[in-house]
Amino acid sequence: MNWLAFLVLAWIALGLENGLRDALQLGQSGVAPSFVMTLLAFIAASGSRLAALWGAVALGLALDLTHARPAPGGVDDVVIVGPWTLGCFVACYAAVTMRALVARRSAPAIAFLAVLVAAMAGVVATALFVVRSWYDPSVGASPVNELLVRLGSALYTGALALVLAPALLFLSGLCGFPHSSQGRERRWRV
Amino acid sequence: MPRSYISPGRLLRPAVAAALVLALLPTRFTRWLEAASGPLGFAIAPISDAAAFVSRSFRPARQETVDPDSELARLRAQRDALQTQLLQSERTMSGMERLIRDLQGGFGMPASGSVRSVAATVVGSTSDLADGAITIRAGDDEGLVTGHTIAVANGVHLVGRVIDVGPRLSRVLPISRRKAGKVQAVIMPLASDDSMSAPTAAGGVLCQLEATGDGRLKGPGPVAGDGATIEPGQIVRVSDPDWPDAAQMLVLGRVESVSPRAEQPQRLEVVVRPELRPDRVRQVVLRIPIDPAGDGGAR
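Protein chains in written order, with numbering that gives the first Met the number 0: chain U, 0 to 189; chain W, 0 to 298.
Quick caveat, the hints were computed from the structure, so don't treat them as lab data.
Listed next, the stretches of chain W that the computed footprint assigns to chain U, with coverage defined by at least 3 CB atoms under 8 Å from CB atoms of chain U:
#: 1; region: 23 to 33
#: 2; region: 206 to 215
With a straight-line cut-off of 25 Å between C-alpha atoms, the simulated DMTMM-like cross-links for lysine to aspartate or glutamate are:
#: 3; chain 1: W; residue 1: K217; chain 2: W; residue 2: D239
#: 4; chain 1: W; residue 1: K181; chain 2: W; residue 2: E262
#: 5; chain 1: W; residue 1: K217; chain 2: U; residue 2: D75
#: 6; chain 1: W; residue 1: K181; chain 2: W; residue 2: E268
#: 7; chain 1: W; residue 1: K181; chain 2: U; residue 2: D135
#: 8; chain 1: W; residue 1: K181; chain 2: W; residue 2: E255
#: 9; chain 1: W; residue 1: K181; chain 2: U; residue 2: D75
Ideal Cβ placement from N, Cα and C applies to all residues, glycine included.
Sequences and hints are given; from them, build the entire structure.
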């Protein structure tokens, strides 16, 4: 994987996540698509196993650092590093394992993997926040509500991925994903 | 001779183990990691700022019914600002009367609660939309103080409180988020809402509001039948000693509905809808106390 291209894509995805996500929100439910999860699904579908997992750790860490959680009472916030890092890692591991089952260089496959990674990352992160809230009063968590919002967001992320996947697949050569160039060579050879 | 180098594959396990440990360590041990949050936020600000501009143009904080540049809109804004100033002055005067009584009893005089104002652009929001904060382009250089600085839109509408101050960017928790906690408010008498007569908080009804998560605020009002009249449309303003002085008498919204509480039918439940969505504003004015120690607020 071309890490420079990955960094640029991650920068854009994080910027859009923070700036545009609330405009795409369904009412005021908190259900909104994730640009970062779409990128994660793309690298999980196309990158080598190790590169995809390191990419997931990097994206998860970036999400943790930009996901400050307001402390109960609303006068302070806390940045917790770990829940999204682990969530993205576990989700990417699952996607890398499952990608052999789908035609991974297609938009529907990336959309399917985006739903999978967003849901798994959300479940893992929520579980860690809930465990932490048992002994850390600065973290308030309402598991059922957070889980519902994140699962709804996962489905919505799939819809967004369906739209973004053609553009990402177009850029896969730039990202240096191994099978993309092989595929092109094979096409020329045949 | 065997080469000794650490492969990325071998490093992955310790990295994931470290993430697990950090995820479960209590906050007091991981506060130092917050230092990395500011630079990352600053790095993505160019993209998120442009995206936030598009987002807030697409879904603004309030659907304007009159042209915002018209004379009518200008006069209305002026009237709202003057009404708020008058109510704040009234509140300050009654506070001073209390202070005089306290001084007669031998208490020391607290510092003055004067504030200065700084305008700041909203450059994005955290990804956790249900409980997340909005990010603004202002920080340490502007003298923001966590818990004591409040954000205001259109001069009189309370947006929220600054909960994190970074070198260049800071975070504001909108009042409409569940984690913003409870806020005491006063429901202004209907006669003083839209008329040109001077408003007064006397005769207002106190209530305690909390965000419902759908953009509205809800909470217990007075006991039904005790003479208080609450009708949809009445303006609701902040009157909470736990909030900074600069937030007092700012507008929270208008009463949307009043009904008996399910668990206490003799008590009324008031639902308030903000006139503009605090999480969708494009620009805020920050009210920063000159002497935070002498300012109210910051529970």
